[in-house]
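Participant: The residues making up each chain are set out below.
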Amino acid sequence: MGLRKQVMIVLARASCNELGRLLKNQGRSDMRPREGQARPAQPNKHFVWSRVGFVFRLVCSSRLRRGGREELYMWTWKALNQREDGSLRPSAFRRGVVSSRASSLQLSNAKEFISLHRGAINSLEIDSTEGEGRYLLSAASDGTVAVFDTHRPTSSSSSSSSSTSIAQHHPLFHLPRAHKFAISRALWYPIDTGLFITASFDHYVKLWDTNSTQVVLDYKLPAKVYGIAMSSIATSHSLIATATADVQVRLCDLASGAFAHTLSGHRDGVMSLEWSSSTEFVLITGGCDGAIRFWDIRRPGTFLLLDQSLSQLGTRPSLLPTPTPSNNESTSLPASSKSSSSTPILPAQKRRSHKKIQLKPPTQSSHPGMASSQNRATAHYGAVNGLRATADGFYLLSSGSDSRLRLWDIESGRNTLVNYEAMSIQTSKPIQLAVTPDSSLVFVPCMASLKAYDLWSGTTINTYRGHYESVNCCFFNAQDQELYTGSNDRQILVWSPSIPAATQIEEADSKGGITSIDQDNWSD
Amino acid sequence: MAESSQSKSGGKKRPRSESEGDPDADADAASLQSIQLENDLNFTDTAIALQMMKAQFPKLDKVVVRPFILRSQLYSSVKDRTQVDRDLESLKKEAVVRVFKLNTGKDDHAIMFMDDYLAQMENAVKRYDAKDKQLSDVFDWFKQYVIKSKTDVSISHPELCSLLSNGGDVTEKHVTLLINAGLLTRQLIDQNLYWFVIPNIGSILKGLSQGRKELLSLINRTKYKEMVLANLEKKRLRLSPLDIRFHIRDLIGSGLLKTVQSPIGLLIRLSRD
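One line per chain: the protein sequences are A and B, in this order. The first sequence runs contiguously to residue 576 in my numbering. The second sequence runs contiguously to residue 883 in my numbering.
Keep in mind that the hints were calculated from the coordinates and are not lab data. Since the model is a prediction, treat every value here as computed from it, not as a measurement. Accuracy of the hints is not assured; some may be wrong.
Sample of chain A residues with no beta-carbon within 12 Å of chain B, all distances over it, derived [said to hold, decoys possible]:
(1) ALA219
(2) SER491
(3) GLY510
Far from chain B, by Cβ distances over 10 Å, these chain A residues were calculated [to be verified]:
(4) SER209
(5) SER288
(6) VAL299
(7) ASP454
(8) GLU473
(9) MET475
(10) ASP532
Okay, the calculated beta carbon distance ranges per label pair [to be verified]:
(11) B:ASP717 with A:HIS222: 52 to 60 Å
(12) A:LEU168 with B:LYS844: 52 to 60 Å
(13) A:ARG517 with B:LYS845: 28 to 36 Å
(14) B:LEU728 with A:GLN158: 50 to 58 Å
(15) B:LYS845 with A:THR515: 28 to 36 Å
(16) B:GLY715 with A:THR515: 19 to 27 Å
(17) A:THR479 with B:LYS845: 31 to 39 Å
(18) A:ARG517 with B:GLY715: 18 to 26 Å
(19) A:THR515 with B:MET724: 47 to 55 Å
(20) A:ASN161 with B:MET724: 52 to 60 Å
(21) A:LEU168 with B:ARG879: 45 to 53 Å
(22) A:ASP532 with B:GLU704: 46 to 54 Å
For each residue, glycine too, the CB sits at the ideal point set by N, CA and C.
Could you put together the complete structure from these sequences and hints?
Facilitator: Written out as structure tokens, the structure is:
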């Protein structure tokens, strides 16, 4: 029983109420794992899973989420048995545990960040060093920047009523006058934490040395900067792409300290941008005019524009296995002046062999860059204020001020038409979306709450309410499966997987009197 | 159709679970069909919901307008929204329905069956007598070339001209005639884009937005921001010619109201944030 008890503590599943209800309703026998016996009410076929990673991800995560907590609980017991006798591989087990933790987040009662910001928090980012995402960089509207250590608390407050104490994390450093006006985005240098970059509404992008907290380089831009991005997979360039209220996207070179080149094509300011997670030369920008453009920085002009009226119908099978009339002969959309090529020229991007791609005949255009400036296709009916690509580089999520979240298939450039249930997104500021690395959940800040949606089906999994004012940014820490959110109420909240009832019961047990998980009121 | 006669005699809005039950029952048979005839999917949840709601469209006394359905109403009666979107897309491509973007609110779309839309267009053209008889050919060109081939909600100016010129020489006056007759319009988002509209629908749209506000304020004024559905249905809205069922469905689908099961029946509650 020792291994199971330890793993129960580690697994972090089921709140106290759930467990109490389970104990009361079903009696003690259900809590003991039995060989190959599931609860009779739920059919076993929901837990059919294959070893192939991709199918596992789709089947297991979607099924798990649709099932109740009891099913999840029984799944973990079954998985433990299988892990013990070797029929379940460690990577599959880890994936299941991680996804169950990611879908059970609650406001953390073990950890908090003491933020000294006096303005709305606009950006949160954890460094992406290999194996250790530890330092949280936050930037606020009063021009201050702070860095927190998420692993080691600086102090802990113990309240007299409960035995648990909250670990408090004070900032490692707090720069009170980093910029004159509000900072819209702060980024770690992708390679290590020696540098970080901040962009602000005072038209400056500054590069800081972390150890000395001094400005090393700064770039002056013609308009206020809404966002910056650096590619984390770049080996041949170190460019910072900046999105400003000006129509041009400027690339600033770190190595030389000057501007590399500009990308023009947007008709209004650019609000959000993101480097592709699969190739180092592709930049994705979303503008206030509602267009999402793909740029290859080695050549002029946009090579792909996302249009919300072009859907996947007829080009690809749908994401979830539901019967849809996907093989429709009348896929030929009328020839338009749009230079929408369904085969973007992306170098060194491997195509997935098990999805068919129907090639449309290439529309004649003299120069891809010139034709796309007249292309008025919009991805949203308002401004595009958030962009996030999935970790595998195949899909792109975009949020717009028309309060819609859209999922795009990058390779074909089409709208997958996944409908994320009703949300209301603030319209004035860029927001930061977060996606779990296994591409199962997307976290969207919706006014004063944060909503978690299933990426493939669009159903609401959870709503996280804890902030007093509208949430601006969120970041999902994949190492610990924690979520950090920052909002206009100057707070950074931590959402962690809910603590299992076992630890609470055991701590109470040490004081004496309350039964532990193995015993009932009627056991002797 | 069985359900349409049932719904006409019912006379009140069936709560959400029931209306899902009916499409589901039919969809089971339909999905069985669909498994056997893979390429021929005529009957889906969405199509049945569309038919049902078209039958429940309120009778208006002042304006004659053919039934249209709002997209948010579809979302409230069919559970899976992604499936609704995809079915709509395929129905659009088959030219069974037509989707229009409305200018009330952020993301409103109206869905109308193709034959209804064509009939509405005929009425509008008949009522609008063009001064210059030559120019009135443009209506036929519009119907023949543009509507049949362009299934989107909007069309750009050069494309419109190129499609219309299949019928004859096109000048700016022709496009002006189309706009004056109420078949095309411009919205503030983009100056060079024309949007398809349902003609003669302006007063109803005004009633739509005002009715939404009135219904929301009605529920807002109650003490706990909720009301039993049975009581809510009996009320009449002052400012909107559409009946209250229409507005309830629309607001539930767009997420401003939510339904809660309770021991006394279905409650409608204002959803926070």
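Participant: For every hint, state whether the structure bears it out.
Facilitator: A quick look at each hint next to the structure:
{"no.": "1", "hint": "ALA219", "verdict": "holds (30 Å)"}
{"no.": "2", "hint": "SER491", "verdict": "holds (16 Å)"}
{"no.": "3", "hint": "GLY510", "verdict": "violated (5 Å)"}
{"no.": "4", "hint": "SER209", "verdict": "holds (30 Å)"}
{"no.": "5", "hint": "SER288", "verdict": "holds (38 Å)"}
{"no.": "6", "hint": "VAL299", "verdict": "holds (16 Å)"}
{"no.": "7", "hint": "ASP454", "verdict": "violated (5 Å)"}
{"no.": "8", "hint": "GLU473", "verdict": "violated (6 Å)"}
{"no.": "9", "hint": "MET475", "verdict": "violated (8 Å)"}
{"no.": "10", "hint": "ASP532", "verdict": "holds (27 Å)"}
{"no.": "11", "hint": "B:ASP717 with A:HIS222: 52 to 60 Å", "verdict": "violated (43 Å)"}
{"no.": "12", "hint": "A:LEU168 with B:LYS844: 52 to 60 Å", "verdict": "holds (56 Å)"}
{"no.": "13", "hint": "A:ARG517 with B:LYS845: 28 to 36 Å", "verdict": "holds (31 Å)"}
{"no.": "14", "hint": "B:LEU728 with A:GLN158: 50 to 58 Å", "verdict": "holds (55 Å)"}
{"no.": "15", "hint": "B:LYS845 with A:THR515: 28 to 36 Å", "verdict": "holds (30 Å)"}
{"no.": "16", "hint": "B:GLY715 with A:THR515: 19 to 27 Å", "verdict": "holds (23 Å)"}
{"no.": "17", "hint": "A:THR479 with B:LYS845: 31 to 39 Å", "verdict": "holds (33 Å)"}
{"no.": "18", "hint": "A:ARG517 with B:GLY715: 18 to 26 Å", "verdict": "holds (25 Å)"}
{"no.": "19", "hint": "A:THR515 with B:MET724: 47 to 55 Å", "verdict": "violated (39 Å)"}
{"no.": "20", "hint": "A:ASN161 with B:MET724: 52 to 60 Å", "verdict": "holds (57 Å)"}
{"no.": "21", "hint": "A:LEU168 with B:ARG879: 45 to 53 Å", "verdict": "violated (39 Å)"}
{"no.": "22", "hint": "A:ASP532 with B:GLU704: 46 to 54 Å", "verdict": "holds (50 Å)"}
In this structure, the earlier hints numbered 3, 7, 8, 9, 11, 19 and 21 are contradicted, and the remaining ones agree with it.
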